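K.L.:
If you want the building blocks of each chain, they are given just below.
Protein chains: 2
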Amino acid sequence: MTALETLIKSLTRLPGIGPKSASRLAYYLIKSDRSFNRALADSIATIADKIYPCSVCGSFTETDPCPICSDTSRDQSLLCVVEEPQDVLTIQASGAYGGLYHVLGGAISPLDGVGPEHLSFAKLLKRLDEGRFTELIIATNPTEEGDTTALYIRHLLRDRGEITITRLASGLPIGGDLEYADRITLARSLRGRVSF
Amino acid sequence: MTALETLIKSLTRLPGIGPKSASRLAYYLIKSDRSFNRALADSIATIADKIYPCSVCGSFTETDPCPICSDTSRDQSLLCVVEEPQDVLTIQASGAYGGLYHVLGGAISPLDGVGPEHLSFAKLLKRLDEGRFTELIIATNPTEEGDTTALYIRHLLRDRGEITITRLASGLPIGGDLEYADRITLARSLRGRVSF
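Note that the protein sequences, when read in sequence, are chains A and B.
Heads up, the first sequence is in our numbering, so the first residue is 59 and it goes up one at a time.
Heads up, the second sequence is in our numbering, so the first residue is 59 and it goes up one at a time.
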């Protein structure tokens, strides 16, 4: 295998990169300046050593606890439960949330062999016991697995009347068009209609 | 800037990779095994040193002349002119061509400041003088720049009656649907209709 074929083959293993994108990237790298290539290569080679899960929330971090967990100016009464570390970044980017996070590490999916024992529910209960949380916001994905996980959390916390459990609203995406909304989203958005 | 932000920023510079794909790739790399990351990093760091343009055709190669130019079993009377090195790979992958190639290094585009003097036309004429070519196949892109370049080549070779000049056919893509063809493609495909 030539160096070009080796590079293309490695790039194809990355998510969302097919053979055509891979060869486009490879040709870009051949033409781009060596210092950029070396910097990118160095980032890739070392990233897995520099980033690890926060011991408190489970989000990826370079310092433990992570900057969000150690930020005392954030609202310590709100806990947002997400599936994956990248969901923390997505919600942070919205700028609409100022509380803390808890990363489950996935969603319950019996078909994929992921049961509650594989996710960080024990740690979640421990945090609720020790913390001063008044509201738990479930921000799992609006998918079957995310719904199952949300129901499981509600079941888990059924005896804790002191904590309010909420879930992200489902409905039409802003800027979307009724015509292009899928049936399930439209049905959910009808059922969840709000007074105006 | 954290290691994660540095990696995402570098990835975003790659063609076709936006901020969302970049963070998806970064999170994949954090979770993937270090040996894969190191192999990918090594490929990226060294690719620009291992691959250079073939001194004959201008395509990227790891040996000079490239495997295609040095393959005497290929038809030495056919020369296919393409814009970029990756076009050689694309045409080779079709399996429909067995001749030689000439890479121009781009297409004539006054708006981008690319004139004929920036492309390898002099080398093309020299190859035509020295070679035994009977047909020159113009395989520039079916774009305004590619069309301009094709016309320029025809003009350049106007006094060489001995060489047949052809161009890749334009028309409906196979497997496509009339309904989804754009107007220009459809018009070209009508003008270029073939007896059946």
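Hints were generated in silico from the structure; no laboratory data involved.
It is possible that part of the hints are untrue.
The list makes no distinction among identical chains, and a pair is therefore deemed to hold if it is satisfied within one copy or across any two copies.
As the list claims (entries may be wrong) - List time: in silico SDA-like cross-link candidates among lysine to any residue, alpha-carbon distance up to 25 Å:
no.	residue 1	residue 2
1	Lys-78	Gly-153
2	Lys-67	Asp-100
3	Lys-89	Asp-170
4	Lys-184	Ser-228
5	Lys-184	Thr-104
6	Lys-108	Ala-239
7	Lys-89	Leu-248
8	Lys-78	Arg-96
9	Lys-67	Ser-93
10	Lys-67	Val-172
11	Lys-184	Gly-74
12	Lys-184	Ser-247
13	Lys-67	Lys-181
14	Lys-89	Gly-233
15	Lys-67	Asp-205
16	Lys-108	Val-172
17	Lys-108	Asp-235
Everything numeric in this text was worked out from a predicted model, so none of it was measured.
K.L.:
Now, for every hint given, state plainly whether the structure supports it.
P.N.:
Comparing the hints with the structure gives:
In this homomeric assembly, Lys-78 and Gly-153 come within 25 Å of each other (Cα to Cα) only across copies, at 17 Å, whereas the closest approach inside a single copy is 36 Å. When the C-alpha separation of Lys-67 and Asp-100 is checked against a cutoff of 25 Å, the pair qualifies both within a copy, at 19 Å, and between copies, at 13 Å. Taking the shortest alpha-carbon separations for Lys-89 and Asp-170, only the inter-copy value of 18 Å comes in at or below 25 Å, while the best intra-copy value is 41 Å. Taking the closest pair of Cα atoms, Lys-184 and Ser-228 never come within 25 Å of each other, the shortest separation being 29 Å inside a single copy and 66 Å across copies.
Taking the shortest Cα distances, Lys-184 and Thr-104 never come within 25 Å of each other, neither inside one copy (33 Å) nor across copies (48 Å). In the homo-oligomer, the alpha carbons of Lys-108 and Ala-239 never lie at most 25 Å apart, since the shortest distance is 41 Å inside one protomer and 49 Å across protomers. Within a single copy, Lys-89 and Leu-248 get their C-alpha atoms no closer than 52 Å, and across copies no closer than 39 Å, so neither meets the 25 Å cut-off. Taking identical chains as interchangeable, the C-alpha atoms of Lys-78 and Arg-96 lie at most 25 Å apart whether they share a chain (23 Å) or sit on different chains (23 Å).
Taking CA atoms no more than 25 Å apart as the test, Lys-67 paired with Ser-93 passes in both settings, with 23 Å inside one copy and 15 Å between copies. Within a single copy, Lys-67 and Val-172 get their C-alpha atoms no closer than 29 Å, and across copies no closer than 33 Å, so neither meets the 25 Å cut-off. With identical chains, the CA atoms of Lys-184 and Gly-74 are never at most 25 Å apart, being 37 Å at best within one copy and 43 Å at best between copies. Within a single copy, Lys-184 and Ser-247 get their C-alpha atoms no closer than 35 Å, and across copies no closer than 68 Å, so neither meets the 25 Å cut-off.
In this homomeric assembly, Lys-67 and Lys-181 never come within 25 Å of each other (Cα to Cα): the closest approach is 39 Å inside a single copy and 33 Å across copies. Taking the shortest Cα distances, Lys-89 and Gly-233 never come within 25 Å of each other, neither inside one copy (39 Å) nor across copies (34 Å). Proximity of Lys-67 to Asp-205 under the C-alpha cut-off of 25 Å is found in neither arrangement, the shortest distances being 36 Å within a copy and 33 Å between copies. Taking identical chains as interchangeable, the C-alpha atoms of Lys-108 and Val-172 are never at most 25 Å apart, the minima being 27 Å within one chain and 44 Å between chains.
In this assembly of identical chains, Lys-108 and Asp-235 lie within 25 Å of each other by CA distance neither inside one copy nor across copies; the values are 42 Å within and 50 Å between.
Against the hints set out earlier in the document, violations occur for numbers 4, 5, 6, 7, 10, 11, 12, 13, 14, 15, 16 and 17.
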